[in-house]
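A.B. asks: Sequence:
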Amino acid sequence: MRKKAPTIYDIAQRAQVSVATVSRVLNGHNTVNEVLRERVEQAMRELRFRPNRIAQTLYHHRSKTIGCILPDIGNPFFSQLFLQLEIGAFERGYTMILGNTVSTRDMELTYLHALTERQVDGLLYLGGLANDPHPDPDALRALHDIAERLPIVAVNGDVPGAPLASSVRSDERGGTRDLLDLLHRHGHTRVAFLGGQLNVTTSIEKLDLYRQQYPGAPNHWIQLTGLTIDAGRVAMTALLAAGAPPTACLCVNDLVAAGALAAAHERGLTVPGDLSIVGFDDIFVAQVVTPPLTSVNHNYPEVARQALDALLDAIEGQKPERHINVPTRLIERDSVSDRLVPL
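Numbering (the numbering used here), first residue to last: 3 to 345.
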């Protein structure tokens, strides 16, 4: 037979205190005498007592859980950011519940409703609607309705049409400018843009900055093939097949840069001797390819800290800043060299 779980009555009997005293200890009241508190805590340890979280949720109107919705946990950018968010939530006494949507809008909305029904105290929203330049009106309406009842913080994105508590973003525009400036200092005037999607706001922002810097770039120097390693291979293959190549490539992320690097090697080009390549995100891939990639780090721990601070402020009824920008860091490695004349 299964052993019966101990109750607060058992704790009270073992500690020789009232049930009310046990309840006050469990609920964090600071009015309990230290001697009595220690007796209660010792009895809890001896009986291996675990508090009933459901009952505590009803008592405090808090579940001490945070929902996190993101499009692809297999993508190192999202997994790296989620890890920092989860660590930070745990340090603050919260448990994180992940909703991995595998980049499908139906599953995104399902998780949005499911996590709300689980009575999470707040939501962290990554990707999906938070990076959609033209969100579906029905999906936007659903998010709007929930955001009026539950604190939601967009991380590295935003939903301008919804009453979010805050949007916490790394300064990707600033990071992209740093990469463009770096290439310019190394003498690169012929630069291609590889990867990205026109239905993702971060891709659009990087492309806009690139076009401002290189308004006369030929059409085939812009390869909007996606966000994956394969997308990088496809982009580099098409770029090299289309005519006179550039001297450098600005890639929308490190996965695209890794694919582009592999395709360049397969065509007999050396990097950075024949072609310089830069990525974005500073995921582990940037460090293990040959040569290691110059990239931009999002300052993941700081983005996570600011996002959690904003969400917990909103949970406590405070009003965090609506827009929070976290500086990025340029990480220079070995994939860029001087190029004063074109190939």
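No wet-lab data here; the hints were simulated from the structure.
Possibly wrong hints are sitting among the right ones.
Pairwise CB distance ranges (calculated) [unchecked claim]:
#1 Ala-7 to Gln-121: 49 to 57 Å
#2 Gln-289 to Glu-43: 44 to 52 Å
#3 Gly-270 to Arg-151: 55 to 63 Å
#4 Gln-121 to Gln-18: 17 to 25 Å
#5 Thr-106 to Asp-232: 13 to 21 Å
#6 His-186 to Ala-116: 24 to 32 Å
Ideal Cβ positions, reconstructed from N, Cα and C, are used throughout, including at glycine.
A.B. asks: Now tell me if each hint is right for this structure.
C.D. replies: Now the hints, each set against the structure:
1. Ala-7 to Gln-121: 49 to 57 Å: About 23 Å separates the Cβ atoms of Ala-7 and Gln-121, which means 49 to 57 Å is violated.
2. Gln-289 to Glu-43: 44 to 52 Å: Holds - the Cβ-Cβ distance for Gln-289 and Glu-43, about 46 Å, lies within 44 to 52 Å.
3. Gly-270 to Arg-151: 55 to 63 Å: holds (59 Å)
4. Gln-121 to Gln-18: 17 to 25 Å: Between Gln-121 and Gln-18, where Cβ atoms are some 36 Å apart, the hint is violated.
5. Thr-106 to Asp-232: 13 to 21 Å: Once the Cβ atoms are compared, 19 Å apart, the range 13 to 21 Å for Asp-232 and Thr-106 holds.
6. His-186 to Ala-116: 24 to 32 Å: violated (48 Å)
Violation of the numbered hints given earlier is confined to hints 1, 4, 6; the remaining hints are satisfied by the structure.
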